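Here are the chains, one letter per residue:
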Amino acid sequence: MLTELAQTLINGLLSGAQLAIPAIGFTTIYAVLRFPSFAVASHATIGAYAGFVANVWLGWPAGVALFAAFLVAGAFGVVTDELVLRRMRPAGPLTVAIGSAALTIVLENLVRFCFGNDQRGYDLPVLRDWRIGDLRLGPEQVEAAAAAALAMAVLFLFLAFTRTGKMMRAVADNPTLAGLKGIDANKVARLANFVGMGLAGFGGMLIGLDTAIDPLTGFRVVLSVFAAAVVGGLGSIPGAVLGAFVVGVGEEASVLVLDPSYRTAVGFVAILVVLTLRPRGLLGERAY
Amino acid sequence: MENYLVAMAVFAGLYGLMALGLNVIWGLAGMVNLGLVGFFAIGAYASALLTVRHGWPIIGGCVAAVVLSALAGLVVAVITARLKGDYLAIVTLGFAEVIRLIAANQVSFTGGTSGISNIPAPGRGLLTPLGFNLVFAAIVWVTIAVVALLLGRLSSAPFGRVLRAIREDEMIAAVAGKRVLLFKVQAFAIGAGVLGLAGALYAHFNAYIAPDAFQPLITIYIVLALTAGGTGTMRGAILGSILVVALTEGTRFIGAYTPWLSPVQIASVREAVIGVALILALTFRPQGLLPERASHHRLEVS
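Sequence order for the protein chains is A and B. In terms of this note's numbering, the first sequence has 210 at position 210, counting the first letter as 1, and numbering is strictly consecutive. In terms of this note's numbering, the second sequence has 198 at position 198, counting the first letter as 1, and numbering is strictly consecutive.
Among the hints, a few may not be true.
Straight-line distance between alpha carbons at most 30 Å, and here's what the computed DSS-like set of lysine-lysine pairs gives [said to hold, decoys possible]: (1) A:181 - A:166; (2) A:187 - A:166; (3) A:181 - B:84; (4) A:187 - B:84; (5) A:166 - B:84; (6) B:178 - B:84.
In short, the hints are calculated from the structure, not lab data. Please read these numbers as outputs of a predicted model, since none were measured by experiment.
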């Protein structure tokens, strides 16, 4: 029993680490642009497929292909925002949110048009699970969690110490004041989209590494991603990380008592509980 | 061909009914609902289960569908009404997905992925398929007329004015002494009830329901219908629904002109067209084709 609980905790933390990446992406865009972008679903899928092309078609190692996932999804994020969502911003955040849902449908079908509905797998060396006592660890999962931790560290350093990172935080904190200081809001918006959607793509590939990918890969995890961000506090990056671990462990723990197909419902329940008890999330809505 | 057209008239009517329901929630009260397909599903399952398993009359099933989905709307609204719209968008989307999960996995209750079949409908089997479709189209469009009339009354009554005030500025409505939370919850429940009624009619018309029928894409159809037609007006909701059916069915013929595309590719183009249409509507004509008219005369400023 104790082993089972420990195993659940480990699995939950590992999947939470993967979930944290797209959750940070979602919350970054929210912090700067102030709307919940449903397009993280399609960008996670685009990242997963970009990584697939790099890994399987071009033969790059999976670790390098993750960069392709980040860059391609980030580029799509900037371009689609510039072409589609930016024009809706004057109409208010809810219009942009609905627009991002429409955008997700278009991009998801673009992926379906190019790659079909078939499941695709990455080209990974088959490794045996590590055993520590009675506990088992999947090397792929540990590597994915390590990649997630690395990405989080880089993001933290970027936001904490670089000039551009500070600009982003300033806009997230107080856009008017940032504008007075001469920070170009459009430039920061583009940057937030690139980083946010890039992380969504990176996370999409990380999650895909576990199993296989198809055009609905992003949509399937998007509820957990939203849950992580809302539980931690919409717009808060440490909150998104904390929320991702809560949701990850919760999802794994639910399998002990519920049918595994109800995993994705855990995120929804977590949202309801947190919104009822602590409407601004565990860590509040501060950006960093 | 006539048969097909009449069936499409039924679907336009069902979408119209859903758009009317969404209009109360979003158009009048300004609350976003990206999970409306969940309320539609609750209505469909309620009426299907009660009529098939428990021998209820169809009309009883429909009433139960309205009541149950309105109750679900009430619960969702009570939890979220104090929060900002961002959260409402996320919660409603999650709600619809959870409803679909339950429908797919509570096999003994909902029939799981194999769904529920042999759902009764007036005249099925007695009439020719065309006759049946005509009867059902009449039922649906009479229902729409009645619902539109009732909601129209509601919208021009003080209740509707309060909702619009809340939509424009919650704070001012509250300062004017309106109980904002109560109005929002009522609007959400009424809208959800209409969505549930549409679901019940769909179940009886189709004779068969399964979780796959309640995809988030349906929500996008209805949001598109209301946006294209004009949020805030009953006429706009109905016009928009006819346009959406014309669009989804019109693109069915893409395949005939593009033989080099695979069926999956054609399906993806058809879905993408809906997304593109919604983006275009939001960008270029967010007020819709039949925009809401200001109900008062402009003040002459001297």
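Quick rundown of the hints versus the structure:
no.	hint	in the structure
1	A:181 - A:166	holds (12 Å)
2	A:187 - A:166	holds (13 Å)
3	A:181 - B:84	holds (29 Å)
4	A:187 - B:84	holds (27 Å)
5	A:166 - B:84	holds (27 Å)
6	B:178 - B:84	holds (18 Å)
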